Structures are given as structure tokens and as C-alpha cells.
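*Asks:* Given the structure of chain S, go ahead and fit chain V onto it with the hints provided.
From first to last, the protein sequence lines stand for chains S and V.
So the first sequence is numbered by my numbering: it starts at 1 and just counts up by one.
So the second sequence is numbered by my numbering: it starts at 1 and just counts up by one.
Keep in mind the hints are simulated off the structure, nothing from the lab.
Here the structure is a predicted model, which is why all the values come from computation and not from measurement.
Be a bit skeptical, because a hint or two may be false.
Said to hold, decoys possible - Pairs of lysine-lysine residues, derived as DSSO-like cross-links and limited to a Cα-Cα distance of at most 30 Å, are as follows:
id : chain 1 : residue 1 : chain 2 : residue 2
1  : V       : Lys391    : V       : Lys15
2  : S       : Lys45     : V       : Lys252
3  : V       : Lys252    : S       : Lys34
4  : V       : Lys322    : S       : Lys14
5  : V       : Lys470    : S       : Lys45
6  : V       : Lys344    : S       : Lys45
7  : V       : Lys309    : V       : Lys392
8  : V       : Lys391    : V       : Lys470
9  : V       : Lys126    : S       : Lys14
Said to hold, decoys possible - From the derived model, a few chain S residues whose C-beta atoms are all more than 10 Å from chain V:
id : residue
10 : Ser2
11 : Phe16
12 : Leu19
13 : Ile23
14 : Thr38
A virtual CB, placed ideally from N, CA and C, is assigned to each residue, including glycine.
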Amino acid sequence: MSQETLMTFAGYGKFFLTLFIFIMFYGYAYSIYKRQRTGERDFEKYSNLVLNDSLDSAPLEPRYKKQNKND
Amino acid sequence: MQSNAQLEYDYSVVKLFTFTTILFGIIGMTIGVILAFQLAFPELSNLAGEYGTFSRLRPLHTNGVAFGFTLSGIFATWYYVGQRTLKMSLKESKFLMRVAKLHFWLYFITILLAVVTLISGYTTSKEYAELEWPLDLLVVVWWVLWGVAMFGMIGMRRERAIYVSIWYYMSSFLAIAMLYIFNNMEVPTFFWSGDAPSSLMHSISMYAGTNDALVQWWYGHNAVAFVFTAPIIGMIYYYLPKESGQPVFSYKLSVLAFWGLMFVYLWAGGHHLLYSTVPDWMQTMGSTMSVVLILPSWGSAINMLLTMKGEWQQLQTSPLIKFMILASTFYMLSTIEGPIQAIKSVNAIAHFTDWIPGHVHDGVLGWVGFMVIAGLYHMAPRIFKRELYSKKLMDTQFWLQTTGIVLYFTSMWIAGITQGMMWRAYDDYGSLLYSFIDTVEVLHPYYTLRGIGGLFYLIGFFMFAFNMYKTATSGRVLEREPEYASPMAS
Numbered sequence: 001m002s003q004e005t006l007m008t009f010a011g012y013g014k015f016f017l018t019l020f021i022f023i024m025f026y027g028y029a030y031s032i033y034k035r036q037r038t039g040e041r042d043f044e045k046y047s048n049l050v051l052n053d054s055l056d057s058a059p060l061e062p063r064y065k066k067q068n069k070n071d
Numbered sequence: 001m002q003s004n005a006q007l008e009y010d011y012s013v014v015k016l017f018t019f020t021t022i023l024f025g026i027i028g029m030t031i032g033v034i035l036a037f038q039l040a041f042p043e044l045s046n047l048a049g050e051y052g053t054f055s056r057l058r059p060l061h062t063n064g065v066a067f068g069f070t071l072s073g074i075f076a077t078w079y080y081v082g083q084r085t086l087k088m089s090l091k092e093s094k095f096l097m098r099v100a101k102l103h104f105w106l107y108f109i110t111i112l113l114a115v116v117t118l119i120s121g122y123t124t125s126k127e128y129a130e131l132e133w134p135l136d137l138l139v140v141v142w143w144v145l146w147g148v149a150m151f152g153m154i155g156m157r158r159e160r161a162i163y164v165s166i167w168y169y170m171s172s173f174l175a176i177a178m179l180y181i182f183n184n185m186e187v188p189t190f191f192w193s194g195d196a197p198s199s200l201m202h203s204i205s206m207y208a209g210t211n212d213a214l215v216q217w218w219y220g221h222n223a224v225a226f227v228f229t230a231p232i233i234g235m236i237y238y239y240l241p242k243e244s245g246q247p248v249f250s251y252k253l254s255v256l257a258f259w260g261l262m263f264v265y266l267w268a269g270g271h272h273l274l275y276s277t278v279p280d281w282m283q284t285m286g287s288t289m290s291v292v293l294i295l296p297s298w299g300s301a302i303n304m305l306l307t308m309k310g311e312w313q314q315l316q317t318s319p320l321i322k323f324m325i326l327a328s329t330f331y332m333l334s335t336i337e338g339p340i341q342a343i344k345s346v347n348a349i350a351h352f353t354d355w356i357p358g359h360v361h362d363g364v365l366g367w368v369g370f371m372v373i374a375g376l377y378h379m380a381p382r383i384f385k386r387e388l389y390s391k392k393l394m395d396t397q398f399w400l401q402t403t404g405i406v407l408y409f410t411s412m413w414i415a416g417i418t419q420g421m422m423w424r425a426y427d428d429y430g431s432l433l434y435s436f437i438d439t440v441e442v443l444h445p446y447y448t449l450r451g452i453g454g455l456f457y458l459i460g461f462f463m464f465a466f467n468m469y470k471t472a473t474s475g476r477v478l479e480r481e482p483e484y485a486s487p488m489a490s
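For reference, chain S alone in the conformation it holds in the complex (with noise of 0.2 Å):
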């Protein structure tokens, strides 16, 4: 394979890859605010997740089943 045909299937790779990624975030974006917005999931409760940061705490969304019990 020549230099010449080597470079330009390193030029459409990069594109395609880039535009994949592109699609990809972009549809991230669009299920994390859809999500949010049919109240699916809360995202923003997160930021609690600094305030409460106590070890005596309650887990926003506890990881054991035993300490939901227990909460």
C-alpha cells in the first residue's frame, strides 16, 4: 500500500470516528436532558452528594441493600 493511499485511509478514518463521537455526545446530551425531563432519572439531586459528604450520612442512593433496610 502506498504512502499516499495509507494517508488518505487515515483522513476518512479520522472523519468517521470523529463524526461517530460526534453522534454519540450529542445523543448523550439529548437522553440526559429527555431523562431529566420525563422525570426518568434526577440528575441533579447529585450535587447532593458534596453537601451530605458525613460518614454518619445516609448514601443518596445506597449501594447495599442491607443499609436500605437499616436507612
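*Replies:* Just chain V now, kept in the frame of chain S:
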């Protein structure tokens, strides 16, 4: 997992890294000021023989502030923010505690060895990757230890959701691991030189020519991304909301800005090689991605400024909030300045001039330095269980350092653009109008101003060190941990 009722967070490793942040900050910044005055007054280069020359001190300054001061700050804040937002304590795992302590001691030894080897003249000559191969191996060991501690802590967390700051710290760990290994691929000549004399402390890069330059700036620019940017954003996403008691303006925006930054940053390094022998499309890509980078950068910075919505009075009352808001503002400034410099036609004037160190320093002094300082100030009452020693001193430090930064970058802007224009000026016959020494003479006052600006910042840093020392030793003892705003004696 233990019940968390009787547990508390463990700050022993945080304290160790806090100490090295201050120590390496003093060393790195003092050398920076010496270098600035050497440029203004070259006779200062002869004060300590070979050990005082610009070429020996310059890598010591850059490595000292990047991998000594900043990395220590990143590690200190990681072990603090990590435990708190994951709701786990290092006390819960003897293994992770040992790993974290080993991480610290190996790191500390490496940076001390870096100081000794760099001043002795052992260097690979690759910018920001000057450490010779035995030290590179040590770096890999404690970087892996940090990863073990990080993912171990994440694995033990009580919170299901991982806060966005942790994402930034994780990205820093993963990206630097990849960048560091690939850029430091080198051959220790001692083992392959046969009968030819060679030092054990010498190596050559595995790459050559343009490839070496490409890998170097892919690494170099992303060292900026994943040492000076990503973890520092992680810090501000924790410390500003916590200190102000305000939730982040938009968590959604923080997530989007994160992914935007992750994708775009890795492609921008090509802007360091404009008008060089690397393929033209790579140069164009470097320029384009640098301009696109404004979006995620400003996304985070604006998010931080809007977090203060309705609470701007805190800017008047708390010097800690001042540090963070100014850090965010300097982040905006340097992330608009960088893309402007990456535009090919601007770069034709800016490249190799003093505008470049000017740009770097409004970023590192204003954004990185202020944010690390703010993070340490915020943690001090929590880790030492004492009130901050002096608000007045903190305020004076803030204004002195801000003046220092402004003096630094304004003088370098003027110097850089003057230099760029003079180098390119030619007469009707195509002859250059100025010789190199003409530019040096014109730049002398600006170099002096830069030195004074740096000195202001350094004096402010000594005030910070003193304030932290007095807080740890003689601040008023606190009965309980402050929830939001850090208590400080007037």
C-alpha cells in the same frame, strides 16, 4: 462492610501529601523566581557554577511545580474528596491504608531523587519528561499504587453514584498512565553500548525525528490536560459547592463538559508543532480541536460561576471563595487564550515568544495554584480540627498573589507580541530589520516586571505556608467539623 456509626474519615495520608504540596511548592516556585530574574539579569546565572545555570534549574522548576507541588495537591485532595464523596474511610481497609502510605513514601523519594538528579545534570532532554529511566520506573510503581488505592476505595464505597469529581480524578489516573509510558519508552544505553563508555543514568528515546516530536507533544499537551486541568476541575466541583454550601448549578452540564473534555483534549497536542514537519492535517486537527476545546472548558467554568448565583456576597466575606472564583475566572482566561494561540496565523507570531510562558502561567498560577491553595485551606480545619489561623493574612496573600499574576501575564503578553513582531519585521528589500539582541534589549523591562510578579506570588505562597503551619499548631481547636464555610480567625 462495617457500620459507619463509629467510623470517621482518615486524614493521615491527606496530611502527608499536604505537607509535600507546600514543601515542593516552595522549592519549585523559588527556583521559578530565580529563573525569572536570571532572564532579566543574566549575570545571576553564574552564582553557583554549573548548578545555578538556567539549563539545570529550568527542568527543576517545571518538574518541581508540576510533579511536586501540583501532583501532591492532587493526591492530597484525592484522598480527601475520594473518601468523603464515596462515603468510605481508609480506616476500613488495612490493605488500602498501607497502599496509600506506600504510595506517599515512594512518591516522596522519587521527587527528592528528581531534585538531586536534575540538578546534577541527568536528563532525557524531553520537556516535562526529563527524568531518567530508573526514576521513570519508580514513577510507574507509585502511579499503579495510586490506581490500586483509587479503585480499591471506589470498590468499597457506600454511595452507588460516583460524583463527577471522582470521574475527573479517574481520568487523570488513566490518561497519565498511558501518556507517561508511551512518551518515556527509552533505551538505557549502558546495557546495549558494548565497549563504548556509557552512563547507567543515560537513555535515548525509542522514537526518532518527527515521530518523537509527535509523541512528545501528545504527551506534553496532555500532561497539561490531565495534571493541570482534569483533576483541578475535579477539585473545584467539590470545594466550591462545599465551601459555599450551594449545590452545583447544573450537574447535567458537569457531566457533558466532562465527556466533551475527554474526547477533545487528546487531539489538541498537534498545535505545539504548527509549521513543523508533522503532516499538515495533524496540524490543522490540532488547531481545530484546540478551538473546540473552549466549549467543555467554559462549560465547567461557567457552571462554577453560576453555582454562586444568589450568593455573590460570599465573595466579599470569604477569601476562600475569592480564591476559587478567581481560579475559575483564570481558567476561562487561559482556555480562551490557548485556542487563540493555536490558530495558525496567530501561532506564526506567538510561537517561541514569551506570550507562551505568559499563557502557561496565567493558567498555572491563577487556576492551578489558587485551586490547590483553596483546597488545602478548606481541608485544614477538617484535617487538623482547628480554625484557620488568620483571615487577614489569607486576604493579603490573595491580593498579593493576584497582583503578581497580573504583572506576570501582562508583561509576557507585551513582551511576546513585541518579540514576535520584531522577529518578523523586514524592510523593502526583504532584509530583517532587527537582530536578536535588539529584541533582548527591548524586553528587559518586561522580564524584570515578570520577576517582580513571580516574587509577589512566591511571598504570597510563604504566607500560605505560614498560615497553614499556624493553623495546624496553634489554631483554635474546633469541637465539631464545620459543615460548609471554613471557620477562620480574623
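*Asks:* Work down the list of hints and note, for each, if the structure agrees.
*Replies:* Hint by hint, here is what the structure shows:
1. Of the pairs offered as hints, the one joining Lys391/V and Lys15/V holds, with about 21 Å between alpha carbons and a cut-off of 30 Å not exceeded.
2. With a CA separation close to 10 Å, the supplied pair Lys45/S and Lys252/V stays within the 30 Å bound.
3. In summary, the hint linking Lys252/V to Lys34/S is supported, as the alpha carbons are separated by about 11 Å, within the 30 Å threshold.
4. A hinted pair counts as satisfied when its Cα atoms are at most 30 Å apart, and Lys322/V with Lys14/S does not qualify at roughly 43 Å.
5. Taking the CA atoms of Lys470/V and Lys45/S, the gap is near 38 Å; set against the 30 Å cutoff, the hint is violated.
6. Our distance criterion of 30 Å between C-alpha atoms is broken by Lys344/V and Lys45/S, whose separation comes to about 43 Å.
7. Taking the CA atoms of Lys309/V and Lys392/V, the gap is near 26 Å; set against the 30 Å cutoff, the hint holds.
8. Simply put, Lys391/V and Lys470/V have alpha-carbon atoms about 12 Å apart, close enough for the 30 Å limit, and the pair holds.
9. Straight-line distance between C-alpha atoms of Lys126/V and Lys14/S comes to about 28 Å, which keeps the hinted pair within the 30 Å bound.
10. At the 10 Å boundary, the C-beta of Ser2/S stays outside the reach of chain V, the nearest C-beta of that chain being 15 Å off.
11. Against the 10 Å criterion, Phe16/S stays outside the reach of chain V, whose nearest CB is about 14 Å from its own CB.
12. Non-interface call for Leu19/S relative to chain V: holds, since the shortest CB-CB distance, roughly 13 Å, exceeds 10 Å.
13. Every C-beta of chain V lies more than 10 Å from that of Ile23/S, the closest at about 12 Å, which supports listing it as non-interface.
14. In this structure Thr38/S is separated from chain V by more than 10 Å, as the shortest Cβ-Cβ distance comes to about 14 Å.
This entry does not satisfy hints 4, 5 and 6, going by the numbered hints stated previously.
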